Amino acid sequence: MRADRVRGHLDGLLMAVLEQGPLHGYAIITAVQQRSGGVLDLRTGTIYPALNKLERLGLLTSSWESVGERRRRSYRLTDAGRRSLAEERTAWREFTVAIGSVLNPGAEPRSAI
Amino acid sequence: MSAHGRQTGPVEADPVEKYIADLTAVLHGPARAKARMIEEIRDGLTETVAAHIHGGSTSTRAADDAVREFGTPEEVAPGCQRELTIAQARHTAWAVALTAPFLTACWYLTSSTASGQDGLMPRAAQLLATQLATVVGAIALLAAAALAVTGTLARRLPTPPRLPLAIAWAGTTAGVAMGVATLTLTVASLLATDWPLVALAGAFAAVSHAVVAPSARACRRCARLVRVL
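As you go down the protein sequences, you meet chains A and B in turn.
Residue 66 in the UniProt record's numbering sits at position 66 of the first sequence, and the numbers go up by one each step.
Residue 94 in the UniProt record's numbering sits at position 94 of the second sequence, and the numbers go up by one each step.
Bound conformation, chain B alone (with noise of 0.2 angstroms):
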């Protein structure tokens, strides 16, 4: 760098890098989606270098110059992270729908089978589990809406702004539903003559858990970053 006439120190970093690293820390999503964008603007970034040097910049100079026609990363965030947002708004949803189900379809299982067989699994955890089923089914519908307010739909309504930050209410009260399922289970296949068929159920359940929550988790992050930014 001191090629080119400016005083560099070892500490100093190229702009394109500092920049990338500056708006990697901002942005938060979906690691596939977020590592997507990062790598098309680390690409654009490094065309526009390219086409300054060739315009007969020097390197440090074109690196300047592209970073500032670029837009700040307080410019440019608040778009990318609006996109990440809606993506991770999606993944939550995703996460909901596709769970939900087979959980509700394995609870009713259960219950009904219960109801068969005298002691299968305690009455009041029957109950509870009904509750949840009900709870997390009407839960996945609200995320099937969601998915097709925010896909090809978007071509002719607008998306809600807070829809993100219901889906992650929606995704949290989820993952509590399916934590308290677990945990219901778990305890029930103690008492239950057929323990197996139940704890299946509570195996399935704290999966479900384990996908549903930390997605709703960063799904209120991003929310609340939209915001923000």
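For reference, chain A alone in the conformation it holds in the complex (with noise of 0.2 angstroms):
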């Protein structure tokens, strides 16, 4: 899938494969990956700012970790992060939902507000 298809997403995508635990930053891209059955296959530099940015906003946490000789920055979600991640899935699941009744007319109709 297109990179610039995903941006919009992102922040969503990479608070999701932290809901389960911290993550340094080449996990994080193998998650989205496996998550999406391949499907997603982001640019890997562009998640590095995007991390950076979450973390300015209280999103996200980082702490260094040592791997042998090398030291590399674990990322975790925050309360807030959460509750960002909650919102972003009820947005997402309205969206979704408006494009299908639109794009297959005849589906499953949308319920009533």
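Hints listed in this document are in silico derivations from the structure and should not be mistaken for laboratory results.
Among the hints, a few may not be true.
[Claimed, not checked] In silico DMTMM-like cross-links for lysine to aspartate or glutamate, where the CA-CA straight-line distance does not exceed 20 angstroms:
1. A/Lys53 - A/Glu88
2. B/Lys34 - B/Glu74
3. B/Lys18 - B/Asp65
4. B/Lys34 - A/Glu65
5. A/Lys53 - B/Glu39
6. B/Lys34 - B/Asp22
7. A/Lys53 - B/Glu75
8. B/Lys34 - B/Glu75
9. B/Lys34 - A/Glu55
10. A/Lys53 - B/Asp43
11. B/Lys18 - B/Asp43
12. B/Lys18 - B/Glu69
All of these numbers come straight from a predicted model, not from anything done at the bench.
Both chains are sitting in their own frames, so use the hints and assemble them into the complex.
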């Protein structure tokens, strides 16, 4: 899938894979690819500024951990991040229902508001 | 590298190191934030190379593939620079927000003491210092607002794209005001009767100028880069 289609949802994807526990950058990318069955093929380099932004917003925290002689930065979802992820999920569900109703008018009708 | 069947001369760089060098050359921002971002990217590339080698690639092929998957520096740099520019804007805003209140208090203290003791500081210098204190105080309020807007408030409000440029020029104005204050207070200390107090205020203005002006200059550069990259 083209990277620009993912861009608007990148924050939600990153927070979703961190929901189960802390991960470092490369593990986050691998998790996104695995969960999407390889369909979401992100440009690896684009996630680092996105992780920085989420940390600045207080949605993630990070800490350095040592792996052999190397250090790597591990990210963890904060409580605010969990709330934001829940909001992202709700917004995504509403969006897909609305688009689905338009693209597939014969399919199951959308419940009345 | 020749062991992997590829012609390599002594001048050919490791693709990962070349990538890091290219990215390092185009990115600008606070030294610590930039170093952290580059270190993370290097770590990500190293992990990707290791994963490819684990999957059966040669080290040269693994490095080439890792760099290709990462995206070219032209693709990756704009996002990194946006974050570094916001980091630099916050750095400048902190510099102004922290120095301005002390400087303003110092100037008002000098002015009020002067009004009580005739001849402590020339009247013209008092008026100029008061005007400069007002300007820097207003900029400090703007800096505090910018820190809020680029911090947790950014979860709800989109960060205005021109905010870093606004902070850069506000910081520049504060830096100029601090420079003028340094000059004014230095001259005033030569004419004042109670010169140590005025000289102390002048020294504080000089330190503030030395902190704020370079940060504002770096912020202007980062804000320009965001528009170019």
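Here is how each hint holds up against the structure:
1. A/Lys53 - A/Glu88: Roughly 16 angstroms between the alpha carbons, so the hint for lysine 53 of chain A and glutamate 88 of chain A holds.
2. B/Lys34 - B/Glu74: holds (17 angstroms)
3. B/Lys18 - B/Asp65: Roughly 14 angstroms separates the two Cα atoms, so the pair holds.
4. B/Lys34 - A/Glu65: holds (19 angstroms)
5. A/Lys53 - B/Glu39: holds (16 angstroms)
6. B/Lys34 - B/Asp22: holds (13 angstroms)
7. A/Lys53 - B/Glu75: holds (17 angstroms)
8. B/Lys34 - B/Glu75: holds (17 angstroms)
9. B/Lys34 - A/Glu55: Measuring from Cα to Cα gives roughly 15 angstroms; hence the hint holds.
10. A/Lys53 - B/Asp43: Holds, at roughly 19 angstroms.
11. B/Lys18 - B/Asp43: Given that 20 angstroms is the threshold and the Cα spacing comes to 14 angstroms, the pair holds.
12. B/Lys18 - B/Glu69: Judged against 20 angstroms, a Cα distance of about 15 angstroms means the pair holds.
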